[in-house]
Structures are given as C-alpha cells and as structure tokens.
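Chains as they are written, first to last, in this note's numbering: chain A, 1 to 96; chain B, 1 to 486; chain C, 1 to 474.
A hint or two may mislead.
[What the hints assert, rightly or not] Computed list of chain A residues with no C-beta within reach of chain C, every gap over 12 Å:
| no. | residue |
| --- | --- |
| 1 | Q27 |
| 2 | Q83 |
| 3 | V84 |
[Claimed, not checked] Listed next, with one range per pair, are the computed distances between beta-carbon atoms:
| no. | chain 1 | residue 1 | chain 2 | residue 2 | range |
| --- | --- | --- | --- | --- | --- |
| 4 | B | D264 | A | H60 | 54 to 60 Å |
| 5 | C | K68 | B | K474 | 55 to 61 Å |
| 6 | A | G45 | C | T304 | 55 to 61 Å |
| 7 | C | S128 | B | K299 | 29 to 35 Å |
[What the hints assert, rightly or not] Here are the simulated EDC-like cross-link-like pairs (lysine to aspartate or glutamate), alpha carbons at most 20 Å apart as the crow flies:
| no. | chain 1 | residue 1 | chain 2 | residue 2 |
| --- | --- | --- | --- | --- |
| 8 | B | K335 | C | D84 |
| 9 | A | K6 | C | D265 |
| 10 | C | K185 | C | E52 |
| 11 | A | K69 | C | E52 |
Since the hints were derived computationally from the structure, they do not count as laboratory data.
Don't be surprised by glycine CBs; every beta carbon is placed ideally from N, CA and C.
One-letter residues, chain by chain:
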Amino acid sequence: MISKEKLKDYASKLMFDMEDSEYETLQSEFEIILKQMDLIGQIEGISEVEPMTFPYVIYHAKLRDDVVKDELTKEEVLYNAKQVKNEQVMVPKVVE
Amino acid sequence: MDYMDKSIDEIRKALDNNEITSEKLFKEANALAHKYQEEYNCFVTILDEKEEDTSNKTILSGIPYGLKDNFSTKGILTTASSNILKDYVPVYDATVYKKLKQAGAVLVGKTVLDELAMGGTGTTAHTGIVRNPWDKTRMIGGSSAGSAAAVALGIVPFAIGSDTGDSVRKPAAFGGVVGFKPTYGRISRYGLFAFASSLDHVGYFTRNVKDAAYITDILKGQDELDMTSLPDDGKKYVDTIDNEIKGRKLFYIKEAVDLENYKDNDDPELKETLKKFYETIELCKQIGFEVEGVSIDRKLLNALYPSYIAISCAEATSNNANLTGIPFGSRGDGKSIEEIMFNARTNGFSELVKRRFVLGSLILQKENQEKLFLNAGRVRRMIVDKMNKLFEKYDGLIMPTSGGVAPKFGDKTDRLSDRYLILENHLVIGNFGGFPSISIPSGFVNGLPISINITGRVFEDDVVLNMAYKIEEKLNYKNQIAKGVK
Amino acid sequence: MYKVVIGLEVHCELQTNSKVFSSSKNTYSSDPNSHVSAVDLGLPGVLPVTNEEAVKKALKSAMALNCKTPDEILFDRKNYFYPDLPKGFQITQVTKPMGKNGYLMINVDGTDKKVGIRQLHLEEDTASLDHYGSYSLIDYNRSGIPLIEIVTEPCMNSAEEALAFLEALRSVFLYCEVSEAKSDKGQMRCDVNISLMEENSTKMGTKVEIKNINSFGNVKEAIKYEIKRQTEILQSGGTVVQETRRYDDEDMKTYSMRNKVDAIDYKYYVEPNLVPVKLSNEYLEEIRKEIPPLQYERINKYMTDYGLSRYDATILVKEKAIAEYFEETIKEGADPKLSSNWITSVILGHLNKYELSITDIFVTPKMLTNLIKMVNDKVISSKQGKEVLYKALTEEKEPAVIVKESGMKQIVDDNVIEKFVLEVLDENPNVVLQYKNGKTNVIDFLVGQVMKKSRGQANPAMTMKMIKEQIEKR
Numbered sequence: 001m002i003s004k005e006k007l008k009d010y011a012s013k014l015m016f017d018m019e020d021s022e023y024e025t026l027q028s029e030f031e032i033i034l035k036q037m038d039l040i041g042q043i044e045g046i047s048e049v050e051p052m053t054f055p056y057v058i059y060h061a062k063l064r065d066d067v068v069k070d071e072l073t074k075e076e077v078l079y080n081a082k083q084v085k086n087e088q089v090m091v092p093k094v095v096e
Numbered sequence: 001m002d003y004m005d006k007s008i009d010e011i012r013k014a015l016d017n018n019e020i021t022s023e024k025l026f027k028e029a030n031a032l033a034h035k036y037q038e039e040y041n042c043f044v045t046i047l048d049e050k051e052e053d054t055s056n057k058t059i060l061s062g063i064p065y066g067l068k069d070n071f072s073t074k075g076i077l078t079t080a081s082s083n084i085l086k087d088y089v090p091v092y093d094a095t096v097y098k099k100l101k102q103a104g105a106v107l108v109g110k111t112v113l114d115e116l117a118m119g120g121t122g123t124t125a126h127t128g129i130v131r132n133p134w135d136k137t138r139m140i141g142g143s144s145a146g147s148a149a150a151v152a153l154g155i156v157p158f159a160i161g162s163d164t165g166d167s168v169r170k171p172a173a174f175g176g177v178v179g180f181k182p183t184y185g186r187i188s189r190y191g192l193f194a195f196a197s198s199l200d201h202v203g204y205f206t207r208n209v210k211d212a213a214y215i216t217d218i219l220k221g222q223d224e225l226d227m228t229s230l231p232d233d234g235k236k237y238v239d240t241i242d243n244e245i246k247g248r249k250l251f252y253i254k255e256a257v258d259l260e261n262y263k264d265n266d267d268p269e270l271k272e273t274l275k276k277f278y279e280t281i282e283l284c285k286q287i288g289f290e291v292e293g294v295s296i297d298r299k300l301l302n303a304l305y306p307s308y309i310a311i312s313c314a315e316a317t318s319n320n321a322n323l324t325g326i327p328f329g330s331r332g333d334g335k336s337i338e339e340i341m342f343n344a345r346t347n348g349f350s351e352l353v354k355r356r357f358v359l360g361s362l363i364l365q366k367e368n369q370e371k372l373f374l375n376a377g378r379v380r381r382m383i384v385d386k387m388n389k390l391f392e393k394y395d396g397l398i399m400p401t402s403g404g405v406a407p408k409f410g411d412k413t414d415r416l417s418d419r420y421l422i423l424e425n426h427l428v429i430g431n432f433g434g435f436p437s438i439s440i441p442s443g444f445v446n447g448l449p450i451s452i453n454i455t456g457r458v459f460e461d462d463v464v465l466n467m468a469y470k471i472e473e474k475l476n477y478k479n480q481i482a483k484g485v486k
Numbered sequence: 001m002y003k004v005v006i007g008l009e010v011h012c013e014l015q016t017n018s019k020v021f022s023s024s025k026n027t028y029s030s031d032p033n034s035h036v037s038a039v040d041l042g043l044p045g046v047l048p049v050t051n052e053e054a055v056k057k058a059l060k061s062a063m064a065l066n067c068k069t070p071d072e073i074l075f076d077r078k079n080y081f082y083p084d085l086p087k088g089f090q091i092t093q094v095t096k097p098m099g100k101n102g103y104l105m106i107n108v109d110g111t112d113k114k115v116g117i118r119q120l121h122l123e124e125d126t127a128s129l130d131h132y133g134s135y136s137l138i139d140y141n142r143s144g145i146p147l148i149e150i151v152t153e154p155c156m157n158s159a160e161e162a163l164a165f166l167e168a169l170r171s172v173f174l175y176c177e178v179s180e181a182k183s184d185k186g187q188m189r190c191d192v193n194i195s196l197m198e199e200n201s202t203k204m205g206t207k208v209e210i211k212n213i214n215s216f217g218n219v220k221e222a223i224k225y226e227i228k229r230q231t232e233i234l235q236s237g238g239t240v241v242q243e244t245r246r247y248d249d250e251d252m253k254t255y256s257m258r259n260k261v262d263a264i265d266y267k268y269y270v271e272p273n274l275v276p277v278k279l280s281n282e283y284l285e286e287i288r289k290e291i292p293p294l295q296y297e298r299i300n301k302y303m304t305d306y307g308l309s310r311y312d313a314t315i316l317v318k319e320k321a322i323a324e325y326f327e328e329t330i331k332e333g334a335d336p337k338l339s340s341n342w343i344t345s346v347i348l349g350h351l352n353k354y355e356l357s358i359t360d361i362f363v364t365p366k367m368l369t370n371l372i373k374m375v376n377d378k379v380i381s382s383k384q385g386k387e388v389l390y391k392a393l394t395e396e397k398e399p400a401v402i403v404k405e406s407g408m409k410q411i412v413d414d415n416v417i418e419k420f421v422l423e424v425l426d427e428n429p430n431v432v433l434q435y436k437n438g439k440t441n442v443i444d445f446l447v448g449q450v451m452k453k454s455r456g457q458a459n460p461a462m463t464m465k466m467i468k469e470q471i472e473k474r
C-alpha cells in the first residue's frame, strides 16, 4: 500500500496539505483504483488500443488568424490580485 | 404572478400578449429565489437588479434563468462554490452567458455546485448543501445541484449547468426535470471553469424537452475562442422535434438492467426502478420504437467508473493548478511565495477536491501513467468504438438514468457494488464519446422522481431531442415541479 | 587532458502579431501588464487557441534545421508550480514536436561540422518576474509569447563550436524571418549542458547544466570557466556534481543553483483543448518554399561559383539583406569579385559608420552594377569609382549622374592620350634618359604628369603602356 508519507509528498508537490484521516481515506481510494486498473489491464487486446484523448476525431478545427484582440485593460488584469505595486502583481521575493 | 413553473412557450406567449412584462417575471423569479434560498440553497448569488437588456428579440427574450456558478460572468461574483474563489469577480464573460444575454434571457442568479464541479452530491459547496425539493432529507445530486433544484422548485424555467460525468443528467433525474447535454463541441466551453476538459460539456435543466431544444438553438455554434467547438449545422432543433419516430431503434445494456443480475441484491428501490424502466420500454414500443437489449463485455462496463476517475482526476489536477491565489483568488498568508500558494490551496480546497487532485497527480506520475492514465484512455476508446458500432444499427441507447431515487444525506453507497459500478456510472459513456444525452422524468418510486436517459450518435442532437420529445409526450411528466412546494 | 562535451538548449521567441495561444499582442513593452488577455492570466474558464502564424514559423524553423516534421500539430501540458506560470502548467510539445532529428552545419576555423538537432518544439513563454529587496513583481506581458526550444545533441567540443552554433542558429532565425533573435531583449536564451570525459574513454562525464545565459559572449565565457572548473576538480581527483549552475557575468564565474538529485516529474499529457490539426504535404511545401538559401549554403556557393575567399563570403552572408544585395548585383551582370570588394570595403563601411541597414541606402544593386561596369569599361578609373560610390551613398545621387556632373570621365581615346604623352616626354628629356638608362621606376613620375595634364581622366594603364611605347621610339 502506498505510504501516507508518500501521499503527503505528492500533496505538497500540489501545494497543499490534508488532515491525517484524509490521507487514510486517500490511501484506500488509491488502493481501489489500483485494483480496478489491474483488472482493466487484463482486458483482452487493451495494449493494442490507442489511448483516446478527444471524444471523437475533430476534423473541423481551425488554427487562429494572427490578429490582435481581446486584451484586458490593466485594471482588469490586476482587478483580482490581492497585492499590487507599480501596476504589477506583488508577491514575496521569489528566490531561485 | 405564477409564470415561473410554465414552459418557455407559455411564458413567451404571455410576454407577447403583454399579460406580463419581463420586469415582473424577473421580480417573480427573484422573489422565489429568495423565498427558497434558506431551505434549499440553490444560489451563491441572487441578482436583485435585472441586467440591462440590449438584445434582439428571440424566443428567450425576457425569460429568467439560473447559471451555474462555474460560468464566468464579468462583474458578477463567480466562486465555483470553492473557498479559493470566494471573492473572485471575473473580468470576462463566458460565451454561454454572452449568448444568453444577447438572446435577451434574464439572469436571476448564480447557482450552487459541488466544489469546482467535482462531486455528485450537491453537498460540497463552500456555502452549504443543496436540498432536494421533493424531499428535503435527500440530495438533489450534483454537481449542478443549485441549477437542478431551482428548476425543480419552479424558481426559473431553465438553468444552465455543466456535465463532466453526469453532472446535469443525474441531478435532473433526482429533481424530476429534463437534463440535456448536447454533443461535445456543440456549445462553446469558453468561460466554463474547467474540470476535465475532454469530458466537460455545457448542459441545462428544463421542464420539458422542447425547452431544451429552444436553448440548444440559441447556444450552439462555433466559437473562435474554443478550438473544440463545432461549426454550426444550420439546423433548428425545435423544428424537427415532433418528427415521426416510427422505425427508430433503441437499445439498452442487458448487463445493467437485467433483473436476473441483481438476484442477490435486496434493494427494493432498485428492483422497482428497473420494473418501471421496462414499463417505459413497452411504452416506447407502443409508439413505434424498436427496442432491443444488447450485451456489452462486463469487463468493459466495470471499467467505466475507474477509467472515468482516472481521466477526470488527472485532468482536474492540472486544470485547477491555476488556483494559487496569486493573480486572482483567495491568497494565503506566508513569508515566501511557496508558503502563500501552499496556504491558499490548503485552506481554499475541501477534502474531496484535494483527494481527487492527489489521485489525479498519482495517475499522471511517470511510473503510473501507462497503467492508470493511458489504460483509462484505452478503455475510453474501446467503449466509444463499441458504442459507435452499435450506433450503426441503433439510433440511441435507452437506460434508467439512475438505479434508484435521490439518496438521503448520509447514505453510504457501496461504490463497488454492481448497481454502483454500472447502473450509476453508465452516463459517463456520453462524456467519453461526446454523445448527445438527455434525461427525462419517467415516473416515481416511493413518491420520488425517476428518469430514463437517451444517448444518441455524435452530432445528432436533433434526433435525440426528437426521440425524447416523443417519449415525453407519452409519459406525461412534462412540466412537473416538485410536489408540495407550490 | 579531457574531452569537452557540450549540448545546448536554445529558446527563441517568435515574431508574430499576437501570442501563441491568445490574441493579445506579442510585443516587448516596458509598460507592465499592458498586453495581457484572460488566457495569458490563466483565469478560470479560459481556453487556448493556437496561432497559425506561430505554427508556420516553428515549422519553417524546423525545416530550415533539416528536421522531420510531424503528421499533425499536437500539444502537451507540462505541469509545475511557479509564480511566473499562471496556469500552473505550460503548453508545450513532447509527443509530436514540430521538428525531430535535424542538423545545422557550422564552420569553425575553416572546418565544417554537423551539429545534430534532437528536437524543436513550440511552446509558450512565461510571465516575467522582477526581484526587489523583499518582494518580486509579476508582469504578464511576456506570458504566452510564442517560443521555440531547440535541443541539440551533446556533440560540440569547445566554447568556439558552441558559439559558432549559436551564431549559425541565430542567422537561420533571421534568414527565415521567424524572430529578431535579439539576446539583449531576451528573445534568444540559452542553457548549456557540459561535461568532461577522459580523452580516450567512452564513458560520458557528469553533466552540469548552466541556466539562462543572456548573451552569446557569456555563453562562451561560461563554458570556458566551466571547463576550467571541472578540469581542476578532475585533476585533483575529485568528482563533478550533477547540478544546475548559473553564470554571473560580473565575476565571470558559475555558481551552484540546485542539485539535480530530485528530478521534477512534469506529468506531461496531451493538451485536451487543442484539437490535433493534420499537416498536409501541400501545406508543408508552402512553408518550405519560403525558406531562403541559408548562410552555410551561400558561403559555399560564393566560394565555389564566384571564387570568393571564405573571409569575404562570410562577411557577405552575415545578413541576408547584404547577401541578397550582393546576389542582385551579380544578376545585373556585375563581376562577383569586384562587387564583393566594393560591398565589403565601401558599402559595409558606410553602413557601420551611420548604423544603417543595407535596405536603407540610396545605392541600389543596379546602380552599383552600373558603376562597376563603368570601371570595367574604363569609362572611369577604379579610384574614381570608389569616390563616386562614397558620394552616391552620402549625397544620395545616382553614380551615373555624379560622373556626368563632375565631368569625371576617363580618357580612353588613344589620340588624346598620345597628345598628352608626347607633350610630357618632350618637356622631360632628362627623365626619359634616366628611364633609358635603366631607372624604370621613374615611369610613375611620367604617368603622374600625364594625369595632371588630363586632370586625372587619362586611363592609367593605357597611359603607362603608351609612355613605354613612345620612349622605345626615341
């Protein structure tokens, strides 16, 4: 079974943490998925199937013309930012 | 003042005959929205002022509606029922909202959903649970919970939702109303907060099939902002809704509805629901449909739910990675950038959502991707291929929308039971293949509504609406609202 | 001694009107957040839509680098959290990059080398972060600008080769007009992978990555420093750590940023909002047609067909416009060597002095060709020709008009020259005698006298020839 520590690590890579009990629920959920996916792996001929990403083959798709439009005003860009300075979104110093 | 439980045709007539004005309609809907808010919690935001009407006249001019709170509405709070967006006021309009505005439809409010549209209970919104208008101790289902309840309560004649697995069709069934999601790409997703982009569909709740056709006619069309949107087919679906259906062929999946398969199951509700389903099948035959049971590989059917979970969680974890509280959304406290993102997300999401994100992330991990994510995509193709094969012979799949009635709050479902695995999850087939799919009320079990679902060939929204209309006509549950609330 | 192995990852912003997946303006602006759309900001509900121009330019670059192009356009998501990435993922290409398995020819000190290109893919740029005392500011103008990334094989063996590759690559971008490729504006950025291995070993050394070096000069310096650093470590018996380093252009050293122990899993998967678009042969050929002959090809042609030196040929192809100008004069009938000579000596000097581009100048290839013809036909002397060219460039007048106006015409009439020659010989009997006595260099004095009399218009070669003939007769 996947360890709680490992799940915590995955969560932290997604930038959040959860309660202990929540990790336990997650552990069992993941176990179920793994078991079910094991069964899926046994479906005949599955390995020869191309995984599907789009619901159907879309022939009509068009690339966009290179025309400038739909820009937001500066006020709109910054409208939902909680901290703004010099017309930019301000955050604590980012260190690489 | 009681127009909100009427059909679009009836309201249109009243407006055109000057029996009522759109202002009065808005006031009626607004009053009802407030009246039921505490009890049922349909809305995140109720608009108390009617938006300015700049539209051309259409069938929807002056008619109130509700919009799920995961559609971007410029200047109107849009939360996706999540704490991380509790103060978010969009600066652009979703295409669906823009089209409805241009058509003159009047927005009454933004409806509650399961947080970020993930979930099927209507219990995970940051503003609380949504209750079923037929029985307050029960769920309305989700994720488009508020929209379903608002239409079932007769607050609005229609409401917009979104459907990634069954998020329109299932709550429609539990609310005794019509729920329709057209072909993938028929309606632009631009401005719909993404859950799982390859499965997300715009859908809606109405109280009859014809109203769903009216709305589709208004909303459909290619959008240059959504590369997956379809060029308009030039049809008006409402015009062909009453076409003859004699000779149309339907099939149902034997494995899912055969009572023989549930011998060990002592759930009387399930048995009653299946019995009613066969009654509906008989009725379909009476009006000229040919209906047959078809067998589909059990292993493939059992794979529906896990494959759906794998695909949807994987896409969801990526789609929601924009929620960090930096350019928008609730910001976390902290001294470093990592800390503020971490706190924003830790406090901004509830448990279910977080678990799904971690699952999605696990599924996409390099070492798991082949077995989990790509195999799910393979199942998706196998199912869709199988459906398309069947659609060479049949015009549609008919199934009970759910294996029972709306569950009670606190009901524990065994997710691995046969009922759950197939009967409660077959609707995702419609999302896997982008097939048009509609649920219409088909009767009652224990005084609570049940539904049947019809799924058709991709692009053939008109045929699906036509078939549903004809069945609805015979079933006689048209235009119902929750008993007792009026 | 150790063998140096270098691979490069080069990012280049494409020049388009709008961004790669949104319609906001693709521009370098000092006014922050002035060209941003909802898509660039990653607002909930937005969808990307691919810009055809960006696709074409990426494909064009891939073809110019001899890469195989894909059967369809497809994008993937690269998932990671960083404050300059508002969506929390970058749209890029892994499954079907725009180009695979190509190469670019370079030449270092006269030796040709084929640098393998592993892949070229189209992706979106991130927002820019500016760092201050205790905070950073985010400007989203750059977010979504089309970017191509070129990954080479680890096949370069010196700083000079790396630099030659970068310069050759830059010229491909400029020749194909896909980017301005200015490194000072951050339009072209480079990461370097470098390792050292034992001279006769087949075992690769430990790879060190140097990130985001902002000029070609610095790439060279960073590599040189890194070779020195790694050599010292290895010679003293140490081991090189696999890590990412950054280059500091003040003290010209590299510094460790992070160890690459815990590699990030980017959880790549196909971008579900960008529908695959098939690429037909016709479509690809339309793009391929737009690719002009490139530097390497042109240098070889100039050397073999026109007999130019590598040095001159290299100067002429530095800019496509200059090469085209040169080729135009040849089409007009100019002698290639003379044309090359006049362009490199006079015209390029003029361009440098006034910071002009060759497309800015008044003198067209046709005018230059005519001027060269006038010299060839001895209408004017070569010296006069250069004077005329200077004048034509600075005063913006047609050379033919200058020649006419200044009466600057070479005398090629035998009779006229003979008249001057006889006069000069008659006036300088002593000098004639000196010549006859073997002091033949005095002939220059006699030619000079003829020039003086003819006000510089006598053809010097004819004059010299005639003086010799006339002295023989005396």
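Results of checking the hints against the structure:
1. Q27: It holds; Q27 (chain A) is separated from chain C by about 20 Å at its closest Cβ, greater than 12 Å.
2. Q83: 9 Å, violated
3. V84: 9 Å, violated
4. B:D264 <-> A:H60: 54 to 60 Å: Violated, since D264 (chain B) and H60 (chain A) (Cβ atoms, about 49 Å apart) do not stay within the stated range.
5. C:K68 <-> B:K474: 55 to 61 Å: Given range 55 to 61 Å: holds, Cβ gap about 60 Å.
6. A:G45 <-> C:T304: 55 to 61 Å: For G45 (chain A) and T304 (chain C) the Cβ distance comes to about 59 Å; the hint holds.
7. C:S128 <-> B:K299: 29 to 35 Å: Given a distance of about 51 Å, which is not inside 29 to 35 Å, the answer is violated.
8. B:K335 <-> C:D84: Holds, at roughly 18 Å.
9. A:K6 <-> C:D265: 14 Å, holds
10. C:K185 <-> C:E52: 24 Å, violated
11. A:K69 <-> C:E52: 15 Å, holds
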